[in-house]
Amino acid sequence: MIENLSIVCFGSDQWTYPGFQQTVMRHLSKHNRILYVNALGTRKATFHHKNLKIYYSRLRRLFAGTRKASDTATVMNPFFVPLLHNKAIDRFNTVLLRRQFAHLFSALDLHDYVLWAGTPSVAPFLCLFRPDLLIYNPVDRYSAFSFNDRDGVLRHESTVASAADLIITTADAIKEDMTAYNKNCDVVGHGVMFDHFNKAMQDLPVPEDLKGIKKPTIGFFGSLSEWVDLELIKKVALRYTQATVLLVGKAGTDVSLFSDVPNVSVLGFRDFDTLPAYLRVFDVCIIPFHLNELVDAVDPIKLREYLCAGKPVVTTNFREARKFADFIYIGRDHEEFVEKVGQALAERDPNLIQERVSRVRKDDWPRKIGLISSLILNALDRKNIRVAGRNNTDDH
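Residue numbers (the working numbering): 1 to 396.
These are computed hints drawn from the structure, not numbers from a lab.
Please read these numbers as outputs of a predicted model, since none were measured by experiment.
Incorrect hints may have been included.
[What the hints assert, rightly or not] The calculated lysine to aspartate or glutamate pairs, modelled on DMTMM-like cross-linking and capped at a C-alpha distance of 25 Å, are:
| hint | residue 1 | residue 2 |
| --- | --- | --- |
| 1 | K215 | D271 |
| 2 | K214 | D260 |
| 3 | K214 | E339 |
| 4 | K30 | D186 |
| 5 | K87 | D13 |
| 6 | K250 | D229 |
Could you put together the complete structure from these sequences and hints?
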């Protein structure tokens with residue numbers, strides 16, 4: 001692991017979210033100083049009732065200030081006007097953020113640092129920083145989300161990607177997008193908290209809401225959002241009426257199509273710490289993603305989390321899933337997906353369990369952090385910047 005660096009990270013989500021950037025920063029904070037800037041956001045400004053809760057949370061964060069997450073990690077909630085892709089507002093926000101970062105950098109005695117941009121929304125504010133190294137880390141194809149301003153995101157992304165000294169993507173498709181702007185681009189797929197999810201192989205107590213559940217079970221955990229094919233889940237439930245389909249996660253879209261399907265249980269959000277207990281109850285795990293531009297660039301961490309418990313996994317035929325083709329079941333269309341679920345339910349080979357566990361153990365987060373550290377060190381070497389004991393220069 002790299003040591004003795006200061007890293008300013010603009011995240012694509014909040015510090016508390018268990019995603020790629022947040023997990024990387026928590027690991028790196030063991031031997032480096034981290035300033036994590038909570039998400040600036042990428043959503044289009046609309047006043048649809050579904051967005052009101054999001055806007056309320058965003059407004060609350062504007063006044064949340066800065067806090068210490070640990071001795072070496074500081075979390076900043078920037079105060080700014082949360083409207084994007086407007087030049088006048090960008091100029092106003094630049095003034096606001098310049099003052100905030102000047103004060104915070106002084107308070108933290110922050111001079112030499114790496115700037116880690118996890119969102120294209122940082123583009124208008126790059127002028128505020130003079131980092132040793134600029135890293136761009138797109139963990140999704142941000143322009144493909146329906147709630148984003150596609151043209152605005154692409155414009156900002158081209159700015160950040162072109163300026164970056166290093167781009168770290170999570171999927172091959174994103175790397176291909178980014179190489180149009182920058183040749184210094186590498187893929188580091190998601191890591192997994194192996195020990196946490198491997199606990200599903202232990203004798204964990206059954207969650208209260210699953211006691212007496214009808215077996216076998218077909219399980220999914222994660223956000224039920226636009227990229228999840230709910231019609232496909234319904235087809236699975238109607239084919240295997242003897243099984244219970246368990247959906248664990250926040251419903252970010254209308255799930256009323258399951259109201260007349262008695263063997264589907266929409267359980268809602270569950271705390272991250274409890275997920276291994278739910279995973280233990282799953283007999284088959286599913287990833288029923290739509291096949292589209294967004295999912296083509298998705299590297300789902302849940303695939304690795306399922307495999308930590310050696311579970312049979314059935315996915316749709318998206319690109320990153322095919323890297324695990326020797327260990328999972330892949331359905332090329334709805335009918336084949338449904339048939340593969342049946343094959344997975346009938347699986348009885350104990351050797352497959354250990355093969356899956358052995359495969360995904362290689363993706364434990366410490367290994368990923370080692371790879372990321374090497375990429376950062378190589379990028380610093382390209383700029384002739386020493387990591388430890390380097391002297392301040394007139395540029396900072």
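Each hint tested on the structure:
1. Distance restraint check for K215 and D271: the Cα-Cα separation of roughly 23 Å lies within the 25 Å cut-off, and the hinted pair is therefore satisfied.
2. Annotation: proposed proximity of K214 to D260 holds, straight-line Cα distance about 17 Å (limit 25 Å).
3. The straight-line distance between the Cα atoms of K214 and E339 is roughly 21 Å, inside the 25 Å bound, and the hint therefore holds.
4. In summary, the hint linking K30 to D186 is supported, as the alpha carbons are separated by about 24 Å, within the 25 Å threshold.
5. For the hint pairing K87 with D13, the CA-to-CA distance comes to about 23 Å; that is within 25 Å, so the pair holds.
6. The straight-line distance between the Cα atoms of K250 and D229 is roughly 15 Å, inside the 25 Å bound, and the hint therefore holds.
The structure shown violates none of the earlier numbered hints.
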